[in-house]
Each structure stands twice: as structure tokens, then as C-alpha cells.
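Protein chains in written order, with this note's numbering: chain A, 103 to 294; chain B, 155 to 245.
There's no promise every hint is true.
[Claimed, not checked] Derived pair list, reagent style EDC-like, types lysine to aspartate or glutamate, alpha-carbon separation capped at 20 Å:
1) A:K222 x A:E202
2) A:K138 x B:D179
3) A:K138 x A:D251
4) A:K199 x A:E277
5) A:K199 x B:D179
6) A:K199 x B:E205
7) A:K222 x A:D247
8) A:K199 x B:D182
9) A:K138 x A:D126
10) A:K138 x B:D224
[Stated by the list, open to error] Computed spacing ranges between beta-carbons, pair by pair:
11) A:D220 x B:S227: 45 to 51 Å
12) B:R211 x A:D251: 20 to 26 Å
13) B:R208 x A:S180: 38 to 44 Å
14) B:P245 x A:T230: 35 to 41 Å
15) B:D224 x A:V261: 28 to 34 Å
16) B:D222 x A:E258: 22 to 28 Å
17) B:G242 x A:E202: 30 to 36 Å
18) B:P228 x A:Q203: 23 to 29 Å
19) B:P228 x A:R136: 19 to 25 Å
20) B:L204 x A:A139: 42 to 48 Å
21) A:E202 x B:P225: 37 to 43 Å
Calculated directly from the structure, the hints in this document are not laboratory data. Each residue gets a CB set at the ideal place from its N, CA and C atoms; glycine is no exception.
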Amino acid sequence: MIEAPPSADISPEFSQAALGSLDDVHRFARSLARNKADADDLVQETYLRAFRSWRTFLPGSDVRRWLFAICRNVFLRSREREERFTPLEDEGGETLKAVEQHAAWRREGVEAAVWRLDLKAAVDRALTALQEPFRSAVVLVDLEDHSYDDASAILEVPVSTVKSRLFRGRRILQEHLMAFARDAGLPGTRHD
Amino acid sequence: MTDAFSHAAAAGTLNCREAMAILWDHLDGELSPEREAAMRWHLEVCRPCLEHHRFERAFLDTVAAARDADPASPALRQRVMDALRSQGLLP
Chain A
103 MIEAPPSADI SPEFSQAALG SLDDVHRFAR SLARNKADAD DLVQETYLRA FRSWRTFLPG
163 SDVRRWLFAI CRNVFLRSRE REERFTPLED EGGETLKAVE QHAAWRREGV EAAVWRLDLK
223 AAVDRALTAL QEPFRSAVVL VDLEDHSYDD ASAILEVPVS TVKSRLFRGR RILQEHLMAF
283 ARDAGLPGTR HD
Chain B
155 MTDAFSHAAA AGTLNCREAM AILWDHLDGE LSPEREAAMR WHLEVCRPCL EHHRFERAFL
215 DTVAAARDAD PASPALRQRV MDALRSQGLL P
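Whole structure, please, built from the sequences with the hints as guidance.
Following this line, the structure appears as C-alpha cells:
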């Protein structure tokens, strides 16, 4: 007896929805991996795993969110080390530090200068340099426009941890951008 | 003596420290309707906090603008389809 291929079981609706999110998964993979080749490998492995385990997908739920979760898990495993990050529960403290930091930049004059720059390349570099687990949180919420709840589901951590990682990641990015403005030597900025 | 949080002792139902502690929640659209209303009221009456708000809004807009708009290449799309077919996962 000839065994039917696995594809015979896979619902066409699932295939269509999953493959329809390929651009989104690709963009997310590019933000996680540090080069194009690694990102392409990540996309391929994400889809192989998704199609092998398509029955675990709940019909009617967000296929993009599900694929992002698989993509990130593949990414973490590919790095052959699990995160060792102590969750920071004091996300309000991070926000207040950002406000104090901003006040210092205002006094220094760097804030007025930074928005005159073309920051696209600087943000790209800062995001690439941003370490996990902060980068995933920033990418999901700030670039992919996911809610805290969505990011929590994708990252498989509590919302409080998402916020801690997100807010710390934002502060690190801001420090990068302000350093970029100082290095650009704009009037109104000064080196300490 | 003033610090970054002493602009208004109490504006609406939030003082400056309380308002700034939830600034990012507000900008991310994650506050409850009651907290959102209190935040909006505070920002209307407290200019220093409004300036922090504008700075963080500009920062988040700058980060969002860095989103890569390039779609997956046809070659990558074909590679994924070929991989799925080779595993019998697509007809």
C-alpha cells in the first residue's frame, strides 16, 4: 500500500495563509539574524517546522503571530544557547530613567540636533547591535506593531517581561542615537 | 529645587512621576481608558511632560520608519516552496 504524502493532510487554507505571511516572516527573520544568508535559512526552517506541525495551529487564530513564535524559537536554537536573562520587573523605572536621560540630553543640546539627522542608517546599526532579548521585544512592538499581549505570546514570556525588555531596549537605542548625533559633530552637541 | 518630575504636583489624577512612569504604555496604546484619560489631562496641563512625550513620540516614529519594506525575494520564495515539496509538505 502506498502511503499518502504528508501534504495530503495539510489544509489548503492553512497553506495559503502561512505562505501569504512569507514577507512578514522574512522581515522578522532579517531583524533577528545578522546577515541575509542566516535570515534565509531561518525562513526556510520556520516554514518546514510550521508545515510539519500545522495541526498545532488553531484555526481562526493569527497565523503571523504563530509563525513569528516558531521563527524566534528556531533562531534561539540556532544560536545554541538559551537566554540567561533575569527578568526586570521594574519597567516603570526604565521609563523614568528615559525621562531623566532625555532631560540631560536637552541640557546638553543633543536632542535638538538629533532630529536634524537622517537616522535610518543609525537606527539600523543600533538595532543590529542591540543584544537579545531586547532586540526581539523592540522589533515585535516597535517595528512589527504587535501589542504587548501578542509579543508576550510570541516570546512566551509574561507581559511584564516584554515591557522590561522593550523599555530597556528603547533606552539602549536612544543612547546609540544620541552618540550618533554627538559623533556627527552637529552644533549644539558637545563631547564629554 | 526641581528635578525631571517636579513640574506639577498634581495634574488631573496623575502627578508627573506617575505620568512619566506610564509614558511608553500610553504611546503604545496599552493604557486602560481611565488611565489614558488621566494621562491626556496631565499632558494638557504640564508642558515639561508634554515635551518628554514629544521626544518619545519622535523617537518611536524614527524607529518604526526603519522597518525594512523589502519583500522576500522570488528566489527565497522558490527556495521555501522547493524545501516544502522535497519534504512532501506541499503537493
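task: List in ascending order the numbers of the hints, as given earlier, that are violated by the structure.
output: 1, 2, 3, 11, 17 and 18
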